[in-house]
Amino acid sequence: MGFFSSRKIRFVDADILIVGGGFGGCGAAYESRYWGRNLKIVVAEKANIERSGAVAHGLSAINCYMGMRWGENQPDDFVRYVRGDLMGLVREDLVFDIARHVDATVHKFEEWGLPIMKNPETGRYLREGKWQVMIHGESYKPIIAEAARKSAEVINRIMVTHLLMDRTRANRVAGAVGFNVRDGAFYVFRAKAVINAAGGASHVFRPRSVGEGMGRTWYAPWSSASAYALLIQAGAKMIQMENRIVLARFKDGYGPVGAWFLLLKAFVTNACGEHFEASMLEEMKALVGKYAETAPLPTCLRNHALLQEIKAGKGPIYMHTQDAIDTHEKETISWEDFLDMTVGQAVVWASQNIDPKETPSELITSEPYVMGSHATCSGAWASGPEDCAPADYQWGYNRMTTVDGLFGAGDTIGGSAHKFSSGSFTEGRIAGKSAVKYVMDLAGSPPQVDEAEINRLRDRIFQPLATYAVNRNEIVAGSVAPGYLSPLQGLQRLEKIMDEYVGGVSMFYVTSGPMLNRGLELLRMLAEDLEHLGAEDLHQLQRAWELHHRVLTAEAVTRHTLFREETRWPGYYYRADHPKLVDPDWHVFTASRYDAAENDWQMSRLPVHHIIA
Amino acid sequence: MPTFTYMTRCDGCGQCVDICPSDIMHIDPVYRRSYNIEPNFCWECYSCVKACPQHAIDVRGYADFAPLGHSVRVLREEAANTISWKIRYRDGRVKAFTFPIRTTPWGSIKPPSAYEAPGADAMDSPLLAHEPAALMVATLPSLPPFDPKRG
Amino acid sequence: MVFTDNPFIPATDFLPPSYLQAYIVLMVLAVVAGTVFDLHRKRSAEFFARQQQRSRVAAVRQLSGAEMAAIAARTLANEVATSGEFCNRSRRVSHLLMSYGFVLYLVTTLVLVFGYPADPHTPAVLPVLWNVGILMVLVGGYWFFFFLRVNVAHDGHSPWRLVRADLFIVALLASVTFALIFEVVTVAQNTLANRVFFGLYILFSTLLFGSVAWSKFAHMFYKPAVALQRRLEEANGSSDLPASATAGEGRCPPSPT
Chain A
24 MGFFSSRKIR
34 FVDADILIVG
44 GGFGGCGAAY
54 ESRYWGRNLK
64 IVVAEKANIE
74 RSGAVAHGLS
84 AINCYMGMRW
94 GENQPDDFVR
104 YVRGDLMGLV
114 REDLVFDIAR
124 HVDATVHKFE
134 EWGLPIMKNP
144 ETGRYLREGK
154 WQVMIHGESY
164 KPIIAEAARK
174 SAEVINRIMV
184 THLLMDRTRA
194 NRVAGAVGFN
204 VRDGAFYVFR
214 AKAVINAAGG
224 ASHVFRPRSV
234 GEGMGRTWYA
244 PWSSASAYAL
254 LIQAGAKMIQ
264 MENRIVLARF
274 KDGYGPVGAW
284 FLLLKAFVTN
294 ACGEHFEASM
304 LEEMKALVGK
314 YAETAPLPTC
324 LRNHALLQEI
334 KAGKGPIYMH
344 TQDAIDTHEK
354 ETISWEDFLD
364 MTVGQAVVWA
374 SQNIDPKETP
384 SELITSEPYV
394 MGSHATCSGA
404 WASGPEDCAP
414 ADYQWGYNRM
424 TTVDGLFGAG
434 DTIGGSAHKF
444 SSGSFTEGRI
454 AGKSAVKYVM
464 DLAGSPPQVD
474 EAEINRLRDR
484 IFQPLATYAV
494 NRNEIVAGSV
504 APGYLSPLQG
514 LQRLEKIMDE
524 YVGGVSMFYV
534 TSGPMLNRGL
544 ELLRMLAEDL
554 EHLGAEDLHQ
564 LQRAWELHHR
574 VLTAEAVTRH
584 TLFREETRWP
594 GYYYRADHPK
604 LVDPDWHVFT
614 ASRYDAAEND
624 WQMSRLPVHH
634 IIA
Chain B
252 MPTFTYMTRC
262 DGCGQCVDIC
272 PSDIMHIDPV
282 YRRSYNIEPN
292 FCWECYSCVK
302 ACPQHAIDVR
312 GYADFAPLGH
322 SVRVLREEAA
332 NTISWKIRYR
342 DGRVKAFTFP
352 IRTTPWGSIK
362 PPSAYEAPGA
372 DAMDSPLLAH
382 EPAALMVATL
392 PSLPPFDPKR
402 G
Chain C
108 MVFTDNPFIP
118 ATDFLPPSYL
128 QAYIVLMVLA
138 VVAGTVFDLH
148 RKRSAEFFAR
158 QQQRSRVAAV
168 RQLSGAEMAA
178 IAARTLANEV
188 ATSGEFCNRS
198 RRVSHLLMSY
208 GFVLYLVTTL
218 VLVFGYPADP
228 HTPAVLPVLW
238 NVGILMVLVG
248 GYWFFFFLRV
258 NVAHDGHSPW
268 RLVRADLFIV
278 ALLASVTFAL
288 IFEVVTVAQN
298 TLANRVFFGL
308 YILFSTLLFG
318 SVAWSKFAHM
328 FYKPAVALQR
338 RLEEANGSSD
348 LPASATAGEG
358 RCPPSPT
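Residue numbers (my numbering), protein chains in the order written: chain A, 24 to 636; chain B, 252 to 402; chain C, 108 to 364.
Hints are computed from structural coordinates only; laboratory data are not their basis.
Hints may be right or wrong, so weigh each one.
[What the hints assert, rightly or not] Listed below are the simulated PhoX-like cross-link pairs for lysine-lysine, each with C-alpha atoms no more than 25 Å apart in a straight line: (1) A/K353 to A/K380; (2) A/K380 to B/K337; (3) A/K153 to A/K313; (4) A/K173 to B/K361; (5) A/K460 to B/K361; (6) A/K63 to A/K153; (7) A/K380 to B/K346; (8) A/K313 to B/K400; (9) B/K361 to A/K288.
Quantities reported herein were computed from a predicted structural model and do not represent experimental measurements.
Throw the hints in and build the complete structure from the sequences for me.
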């Protein structure tokens, strides 16, 4: 339409396009520059790489560090630990690959200026726990962003909405499209390889706080599922989308508990002062068999224990901080723990007159999230390391998805759990090197974008602006208009559907076949309604596309949850119609592939190989 | 605990607009100063609070669960590589902390292209940049070939 | 000669000097009335007094008269006289050009209209300074308008998109632009043109001084007051900001963007 004819269009040609400038993207930028000195490498970042992504506040610990140099841990041990935490279902090759490289990443972080706390007796990094070390991490992201800016061209404020496919060869990526959130320019990235390092999914399930407080989700509100939706749209095979994560954290502020449990050795009781976790062992064995004896107790089972206690009316559940910090040093570390990464919890303390030296704090389980970089591993089915992955786990380039030339790092990659910040950066490095190899191997036959597809996408991307402007004429004022849905309205409907039918907090994470099918019906109508999203301005347009990505991901989550007919991870979610863990039938990865042209989902199973004894 | 901007301190410089990871700090059309347009998408990451040269941005805990009368304020000083916090409780107690944020000067990271370019051997190996030296062990761990009959 | 002759003389062809003087008095009253009305309507004086009271109560140490005087002097020298509050150099320079230019223009206007109302032998220095003031406002102002306004430079607005916050800068630029155009047009000695452009000059000047209650004009009075208050709070310990780890130097943090 003539209305858009003045819209600027900017073409950016790159050898490697990195979508997302978080830890995964920064790692990809650094490593791809190291191996591809003369390549054109571009990072398209939705916000500002200086503070974007999940590490915006900073972090108080690095949760993935082996300490091989001091003989503290070996990668094999890490694989066993992660496998145990996920009740057996991880890509052991990918986890091993992260674990063997991550120490180098952490040593480079220290060299760059990240202050890592030291154990005064041994001189080694101060361990928070077996895999974790404590850091003064308020500027963790700015330090890493400096490394990325010195490696690649970073374009901030670009929302990437779709990947582009090669018109000369099926199933090969050719770039991406999106828009500049500040000036509304349409961006077309033409690239030989694309590394998706975008964020996982918050705000797919209704959060516990629903007013202003909905901003205080545990995972960043700007993790809008682009890690998944961009790939799902492109037809990549996804795994474990049912493996959502629920976290037991300090209530409302969702402050971290790792340092409290592992370093400060705090304990948790119910309102009567009873230690309840140990007494649930028999009950858990009835659900998950021998997995209940895994040490350390899997994260989901710890959640399960807390949930059962709350359901029995024995809450509030308290972390006895006052018994754990008996020195000034411990008090200081406990405050820094929050101030380095979740200032909001310090605000809760200050606002409710809670001094951790005197008063215990409540714990709660969060609403569910979908991610691949923390204790769970939803994401793309990816090729593993060439030197040690089983034959059916690799097809040539490490961390390449089932779409040629499309790589992933961080939340994007499935089966690769417990990466956290250092592991995501490391996975970015792995993908970066692989992408360079891929580009060099392409030689003279780069992918070609489809101009008709680009024009179609341009109209589609900016459509919500027109929908709002035109349909606004129907009403006098206000937020209720029959002709369009605002992004927030759509988001709240999504969150309600997922909460009520797919196992959110209001259902104590319980769902069933009939509930999931009803959820799919409602999600289908929501997806149709997305065609009527109305965006008042560019900020709302960004929210509109974030919603698109969340809704598509939510459908994947629902279908995977329906497909897996067991309860593998009680404490993350429960299939009331299949309440137990079922080995060997379900000792598999669930997989899906979405065909956008046919609007059709194909579900399948993929084998879980235990490479490590 | 979403953010808000003090009328008397903001001079409309735009640093908060540039830094906000959520794209929610924007410029008010009446005063040409910043304000939080979407507190329900504010993570209280404090990026804007730390970036503001006039200390014009502060946080009031989310109304859903944070009683009034508290304050958690910050001063980030890159020159000293420190961050200082001052916390005032609703009941008036005050706590203050200072922590380090970096051990090297800003801008000092050696770019990857400043290192000697890797050879073809390294390209074909599983080694990443600076390995195995940066691992601080002799060799990169690997695994024996996978035997499907075992697992 | 143009630029060295009293620019108001041609206006006296169709307006008695006493009308020009009365207009100036009216505009001064409009600024006072507008500021008072704004303070009253927003109850901002009440708010400011309450903040001062809180600061006194929360003060860790009481400041002596001499200390307060020294702080006031520092505020005058730094924030007021040199716009030292601005961390961005371009904004600081453009603001200084506009504020000193405007003051110069206003003072010379007063002297010209009250001291030399119809005098063909007005000392040339006065019209020259009047023009210098106007030029400073034009350079600082158009630079600000097209390139430095934060909603344009950082928030993606087109410079042609006008919002309520633009009322002051647009009225200011229009007023002094038409003042200059009027002065140049008088060379042609076309009575209609003179009346039209003088009329436009007066129209936008009236808008500028009359819209004080709705524009950012009054901030020129509020800003020094709050700058002083901020320094006092830092000095008497009532500020809720943490103490600096570097003894306070480097107030403007480097921007990563």
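Do the hints match the structure? See the list:
1. A/K353 to A/K380: holds (10 Å)
2. A/K380 to B/K337: holds (17 Å)
3. A/K153 to A/K313: Holds, at roughly 23 Å.
4. A/K173 to B/K361: Since the Cα atoms of A/K173 and B/K361 sit roughly 8 Å apart, the hinted pair holds (cutoff 25 Å).
5. A/K460 to B/K361: Since the Cα atoms of A/K460 and B/K361 sit roughly 23 Å apart, the hinted pair holds (cutoff 25 Å).
6. A/K63 to A/K153: Since the Cα atoms of A/K63 and A/K153 sit roughly 40 Å apart, the hinted pair is violated (cutoff 25 Å).
7. A/K380 to B/K346: holds (12 Å)
8. A/K313 to B/K400: holds (23 Å)
9. B/K361 to A/K288: With Cα atoms ~39 Å apart, B/K361 and A/K288 exceed 25 Å; violated.
Hint compliance for this structure: hints 6 and 9 are not met, and every other hint is.
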